[in-house]
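Novice: Spelled out, the chains give:
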Amino acid sequence: MVNTKVSLCGKVLENPVIPASGTFGYGAEFAKIYDINCLGTFSFKGTTREPRFGNPTPRIAETEGGMLNAVGLQNPGIDHVLAHELPEMQAYFHKPVMANVSGFSVEEYVEVCRKLDDCPQVGWLEINISCPNVHGGGMSFGTDPEQAALVTSKIRHVTKKPLIVKLSPNVTDIAAIAKACEDAGADGISLINTLLGMRIDLRRRAPLLANRTGGLSGPAVFPVALRMVWQVYEAVKIPIVGMGGVQSAEDVIEMMLAGATAVEVGAANLVNPFACRDIVNALPTAMQKYGIQDLNEIIGGAH
Amino acid sequence: MRQGIFEIQSNRALTASVYEMKLRGDTSAFTAPGQFVQIQLPGLFLRRPISVCDVEGDVLTLVYKAVGKGTEAMAELAPGAELDLLTGLGNGFDLSKATSSPLIISGGVGVAPLYNLAKRLLGPKNHVTAILGFNTASEVFYEEEFRALGIDVRVTTVDGSYGVQGFATDALPEAYSCVYACGPAPMLKAVYAATSTSGQYSFEERMGCGFGACMGCTIQTKAGPKRVCADGPVFQREEIAW
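Those protein sequences? They're chains S and Z, same order as listed.
Residue numbering for the first sequence follows the working numbering, beginning at 13 and increasing consecutively.
Residue numbering for the second sequence follows the working numbering, beginning at 448 and increasing consecutively.
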């Protein structure tokens, strides 16, 4: 028997597989087709203080080996999530969930996190300082080490829950931002959010997405994500949640060898709704193939 | 929603750019006309959403227009090829709301999901009218299939090269009790404006997942944001924010 259990910021995950925020809603659509309790946990849809409609459509575009999205943080707002989505989730998910939080000001992040701190269902806070699809917030916190540290430290004061900061790849030195978050009190780092991209509609001679630009995800970004996980592993001591184009158990192992303690799976869920279940099921066989008895042995194992 | 492998039985051109594909597989997830499938195509990352034209036993009929990489790739596929489909997606037309003289009205390839609907609306007490709107004579398809149902069929072309000249809304019957519409957004808006009965309108959007997870196809409605894939694609007239 191989061991797939890992510990993420002091909480045990049965396996390191975590559906990424924005590709799994609040879990309900997937719970209808398989028992999502087989997952390590999942990161729910990025939640803000106010309800948000998000961007106009088209919000999605195909790319070679991936996709662009510019959803723009559509979500029902934290109060609705606390009153509806989280209570309803109890019917189909019985593990601590990862709460993904977005904001447009330090105060907004703090207020949402303070509300989630009281919620026993939430195991981890994943702070999105890296959304490329909203204007005047989000990513601006994730592109400057001082801003990233500021928002991290302010949230740190209002929560005892494990605090994972989700970083943008759209920066010059991601390791410096990760280090700034660690120094400001983060318990973990997750990366990467999507890479800023664009497509143009040849017929209309105009950007395909209504938002003009969007975030690139899918297998095309895997090597970039892997490289950044590697760099961040060299810069910080806190655990890393790696993500970006992961599609298979082999990709999970590769991310862990680069330095990830757990691995999020995003775009793959949209193409194959069973992707995360399939990866969980394939993991023991893949581990045996590569002579891995315990996943904990391989975290950062390629360094 | 169900995932399954389907084998292509036939794939033929109906016009220069519209094709009809018949596939054999597990169709049990199909519960209402107006639902769609998500098709995985070789070499493409995202699945492609295509509305279901008809289901008979284990044979699924799709009618699609080749307009981009995905649908162009579909047009190249030969009988015998296997495709991975997600089926039973979306909320289709609500047949329980149908009244005695339903009007079916389509624009272009919007005909597709209305064919199975028309079949299901047939009944001794129902008088069904179908208006099929096209741009020009060479783009007309499925007229015979609709006529074979024994319903009142009217074809319009914008350039007058076939049937009634004008838009689909230019051939409205004097009396009808409810509307079922599918077509491009300007056509749906025109139907909405030209009619006042209860109505069900099938929307189209670029989609990511097709089953409600990614929020890629959300539109604003009178009842708040709705996902075209999972809350639609069919919306009731009173929900639509026009």
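Take the hints with a grain of salt, since some may be wrong.
Result set (BS3-like, lysine-lysine): computed pairs, CA atoms no more than 30 Å apart in a straight line [stated by the list, open to error]: (1) S:K17 to S:K172; (2) S:K249 to S:K44; (3) Z:K673 to S:K107; (4) S:K107 to S:K172; (5) S:K44 to Z:K572; (6) Z:K636 to S:K44; (7) S:K44 to Z:K469; (8) Z:K544 to S:K44; (9) S:K127 to Z:K673.
Everything labelled a hint here was simulated from the structure, so no lab data went into it.
Treat the numbers as computed from the prediction; the structure is a model and nothing was measured.
Novice: All hints are to be evaluated individually against the structure, with a verdict given for each.
Specialist: Consistency of the hints with the structure:
In summary, the hint linking K17 of chain S to K172 of chain S is supported, as the alpha carbons are separated by about 23 Å, within the 30 Å threshold. This hinted pair does not check out: K249 of chain S and K44 of chain S have alpha carbons roughly 38 Å apart, beyond 30 Å. Pair hint K673 of chain Z plus K107 of chain S holds up; C-alpha atoms about 28 Å apart against a cutoff of 30 Å. A C-alpha spacing of about 18 Å is found between K107 of chain S and K172 of chain S, which places the hinted pair at or below 30 Å, so the restraint holds.
Taken as a hint, the K44 of chain S and K572 of chain Z pair is broken in the structure, with Cα atoms around 38 Å apart against an allowance of 30 Å. Annotation: proposed proximity of K636 of chain Z to K44 of chain S is violated, straight-line Cα distance about 34 Å (limit 30 Å). Of the pairs offered as hints, the one joining K44 of chain S and K469 of chain Z holds, with about 28 Å between alpha carbons and a cut-off of 30 Å not exceeded. Between K544 of chain Z and K44 of chain S the CA atoms are separated by roughly 27 Å; this keeps the pair inside 30 Å, and the hint holds.
For the hint pairing K127 of chain S with K673 of chain Z, the CA-to-CA distance comes to about 26 Å; that is within 30 Å, so the pair holds.
Violation of the numbered hints given earlier is confined to hints 2, 5 and 6; the remaining hints are satisfied by the structure.
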